[in-house]
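Enquirer: Sequence:
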Amino acid sequence: MLRRMSRLFLRTLREDPADAELPGHTALVRAGYIRRAGSGMHTWLPLGHLVYRKVERIIQEEMDRMGAQQVHFPALLPREPYEASGRWTEYGDTLFRLQDRRGNDHLLAPTHEEMFTLLVKDLYSSYKDLPLSIYQIQTKYRDEARPRAGLLRAREFVMKDSYSFDVDDEGLAASYEQHRAAYIATFDRLGLDYVIVDAMSGAMGGSRSEEFLCPTPVGEDTFVRSPGGYAANVEAVVTPRPDPLPYDDVPPAHVEDTPDTPTIETLVAFANAHLPRDDRAWTAADTLKNVVVTLSYPDGRREPLVVGLPGDRDVDDRRLAAQVEPAVVEPFAEADFDAHPGLVKGYMGPHALGVDSPTGVRYLVDPRIVEGTRWVTGANEPGRHVFDLVCGRDFTPDGTIEAAEIRDGDPAPDGSGPLEIARGIEIGHIFQLGRKYAEALDLRVLDEHGKLVTVTMGSYGIGVSRAVAAIAETTVDELGLCWPRQVAPADVHLVVAGKDAEVVDTAERLATDLDVAGVDVLLDDRQASPGVKFKDAELLGVPTIVVVGKRLADGVVEVRDRATGERSEVTVDDAVAHLAAICVS
RNA sequence: CGGGAUGUAGCGCAGCUUGGUUAGCGCGCCUCGUUCGGGACGAGGAGGUCGGCGGUUCGAAUCCGCCCAUCCCGACCA
Numbered sequence: 001m002l003r004r005m006s007r008l009f010l011r012t013l014r015e016d017p018a019d020a021e022l023p024g025h026t027a028l029v030r031a032g033y034i035r036r037a038g039s040g041m042h043t044w045l046p047l048g049h050l051v052y053r054k055v056e057r058i059i060q061e062e063m064d065r066m067g068a069q070q071v072h073f074p075a076l077l078p079r080e081p082y083e084a085s086g087r088w089t090e091y092g093d094t095l096f097r098l099q100d101r102r103g104n105d106h107l108l109a110p111t112h113e114e115m116f117t118l119l120v121k122d123l124y125s126s127y128k129d130l131p132l133s134i135y136q137i138q139t140k141y142r143d144e145a146r147p148r149a150g151l152l153r154a155r156e157f158v159m160k161d162s163y164s165f166d167v168d169d170e171g172l173a174a175s176y177e178q179h180r181a182a183y184i185a186t187f188d189r190l191g192l193d194y195v196i197v198d199a200m201s202g203a204m205g206g207s208r209s210e211e212f213l214c215p216t217p218v219g220e221d222t223f224v225r226s227p228g229g230y231a232a233n234v235e236a237v238v239t240p241r242p243d244p245l246p247y248d249d250v251p252p253a254h255v256e257d258t259p260d261t262p263t264i265e266t267l268v269a270f271a272n273a274h275l276p277r278d279d280r281a282w283t284a285a286d287t288l289k290n291v292v293v294t295l296s297y298p299d300g301r302r303e304p305l306v307v308g309l310p311g312d313r314d315v316d317d318r319r320l321a322a323q324v325e326p327a328v329v330e331p332f333a334e335a336d337f338d339a340h341p342g343l344v345k346g347y348m349g350p351h352a353l354g355v356d357s358p359t360g361v362r363y364l365v366d367p368r369i370v371e372g373t374r375w376v377t378g379a380n381e382p383g384r385h386v387f388d389l390v391c392g393r394d395f396t397p398d399g400t401i402e403a404a405e406i407r408d409g410d411p412a413p414d415g416s417g418p419l420e421i422a423r424g425i426e427i428g429h430i431f432q433l434g435r436k437y438a439e440a441l442d443l444r445v446l447d448e449h450g451k452l453v454t455v456t457m458g459s460y461g462i463g464v465s466r467a468v469a470a471i472a473e474t475t476v477d478e479l480g481l482c483w484p485r486q487v488a489p490a491d492v493h494l495v496v497a498g499k500d501a502e503v504v505d506t507a508e509r510l511a512t513d514l515d516v517a518g519v520d521v522l523l524d525d526r527q528a529s530p531g532v533k534f535k536d537a538e539l540l541g542v543p544t545i546v547v548v549g550k551r552l553a554d555g556v557v558e559v560r561d562r563a564t565g566e567r568s569e570v571t572v573d574d575a576v577a578h579l580a581a582i583c584v585s
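Residue numbers for the first sequence follow this note's numbering, beginning at 1 and rising by one.
Don't read these hints as lab results, they were simulated from the structure. All the pointers check out, no bait thrown in.
So the derived label-pair ranges between C-beta atoms look like this: (1) Leu119 with Ala174: 14 to 24 Å; (2) Thr139 with Asp336: 39 to 49 Å; (3) Arg208 with Glu144: 25 to 35 Å; (4) Glu265 with Glu170: 47 to 57 Å; (5) Glu80 with Asp336: 33 to 43 Å.
The calculated lysine to aspartate or glutamate pairs, modelled on EDC-like cross-linking and capped at a C-alpha distance of 20 Å, are: (6) Lys128 with Glu448; (7) Lys436 with Glu83; (8) Lys128 with Asp168; (9) Lys436 with Glu90; (10) Lys535 with Asp561; (11) Lys499 with Asp525; (12) Lys436 with Asp299; (13) Lys550 with Glu566.
These numbers come from a predicted model, not from an experiment. Glycine residues also receive a C-beta, built at the ideal position from the N, C-alpha and C atoms.
Make the full structure from the sequences, and use the hints.
Expert: Here's what the structure looks like:
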């Protein structure tokens with residue numbers, strides 16, 4: 001294909017748009033690939049759409065190769081299926097809802113689990129039909145509370161979503177592995193760096209879930225990785241459990257007056273001033289902090305939960321939320337304290353906590369709080385704390401919970417060293433859905449014994465528009481975009497740097513010859529000064545830039561590698577063969 | 001949803017404090033000429049409901065009120 005910039009629907013911007021923050025997003029707008037159409041909505045211009053289509057094509061090819069079959073659902077859907085699965089209400093404000101002229105409720109689909117499930121239910125009823133994997137590439141709608149970062153978090157976006165259907169867990173595991181392999185192949189082809197991290201599979205329990213994160217400081221997701229290769233979403237990080245400590249030498253627990261010490265800081269300061277240790281100063285890590293929250297369950301039930309953790313750590317709300325799902329974490333209000341007089345605000349202690357204690361309040365602790373660890377903690381009386389309280393001797397929690405914040409340098413669960421905290425863009429997510437939707441929508445098939453069994457499903461997503469953004473963010477440099485060849489809008493950006501007939505004619509002929517040779521060419525045949533053309537070529541990010549200009553006097557054209565900046569010269573006669581070789585390899 | 005900010009030509013901005021000719025600058029766009037290897041220069045042009053509604057005033061981009069929209073931080077986010 002040969003595209004002429006003189007006719008291309010393109011306007012590059014010399015200045016950064018005011019509403020773009022990320023370097024890749026800024027470059028996409030400046031280079032005329034996308035335009036903002038509204039908050040969280042984007043228009044793809046010709047060059048952007050070319051890149052988008054190449055990304056989409058690669059994803060399609062890899063899905064087809066693994067045996068998934070493409071379908072296409074409406075983006076606009078009736079309410080009923082979402083009512084049946086409970087998500088009409090569960091999805092909340094994030095769901096775009098609308099009514100037709102008769103007043104019937106509809107929605108713009110944020111994802112299509114229900115439709116896939118119902119479609120299979122419609123057509124299939126035998127184990128012989130399974131396994132099955134089907135997918136679509138579809139525009140999705142989510143009324144995000146806060147769209148941001150251009151294409152990365154938009155309200156309208158394109159997602160490839162596929163679903164696998166199997167009769168049993170082994171089948172699901174196999175389908176999952178196939179998707180996993182296909183995703184690896186896809187992201188490799190897209191030229192995207194990625195880390196596969198463990199993710200929380202939510203309340204369905206036990207099933208596998210992994211995210212493909214593209215590591216970049218501009219990513220919204222936080223994950224950890226270890227030198228040994230362990231990687232996990234923060235929600236899913238497992239805290240290594242230390243060995244129990246001997247505590248024969250620990251003196252009996254004793255209660256001390258610690259007036260006006262409702263916080264860890266005030267407690268530590270008081271202890272150092274009035275109850276100093278012999279060996280070292282007290283620190284927050286010596287204290288056991290007990291945080292009380294209310295869990296609110298979908299059935300309306302509410303119960304308090306106390307989380308115990310070392311005083312130098314805070315609760316990570318997202319980790320806690322992931323642990324207690326489907327219950328929702330709510331703050332423990334003043335009224336709740338009134339309802340639970342056994343809980344003394346600021347001075348809670350574990351010996352009054354636990355399902356078997358007088359308060360009956362469930363008490364879960366951080367995994368670091370193992371048998372033999374000794375703590376300073378609340379004495380359940382205002383202004384008093386208990387010292388040398390030993391876990392396993394003086395109190396026994398109801399269990400452990402992964403709710404403490406993760407810190408850079410924490411020990412990795414694989415024992416390979418310190419965890420590193422990094423940021424990434426979630427470009428793919430695979431997970432074993434299990435039977436949640438099949439049960440809700442009654443998707444069952446007959447097995448070989450003629451018995452009805454509920455189908456088990458997997459769900460697999462790739463953000464297509466987000467992948468374009470991730471590539472842009474991770475390849476952009478100070479000059480502009482810098483596309484991997486396989487998704488670039490052209491192979492060669494041919495700059496006509498001059499206006500005399502020989503230059504123009506040679507460039508035209510070269511462009512035509514390259515086109516014939518199967519090389520995609522973007523020909524800058526505009527009436528503009530060379531400086532403008534060079535700047536635009538760098539901004540647009542086509543991987544190979546060819547300049548036909550004053551070096552033509554020696555019979556050569558200049559070939560530049562956009563990514564490395566390397567420049568070389570080839571004779572006009574050799575140019576086509578040389579470039580064709582570069583573009584194919 | 002909490003906090004902060006912004007809204008003036010296609011883009012980036014000034015003007016608003018202290019109301020008063022025809023609302024201005026740079027980029028981009030059109031015409032002519034000169035230029036032509038790193039975002040050229042000169043001359044002449046086109047392009048505006050100053051976010052909206054209401055109020056104060058002889059007079060509002062400017063002051064006041066309400067609303068809307070957008071962006072940033074946070075909460076949220078298969």
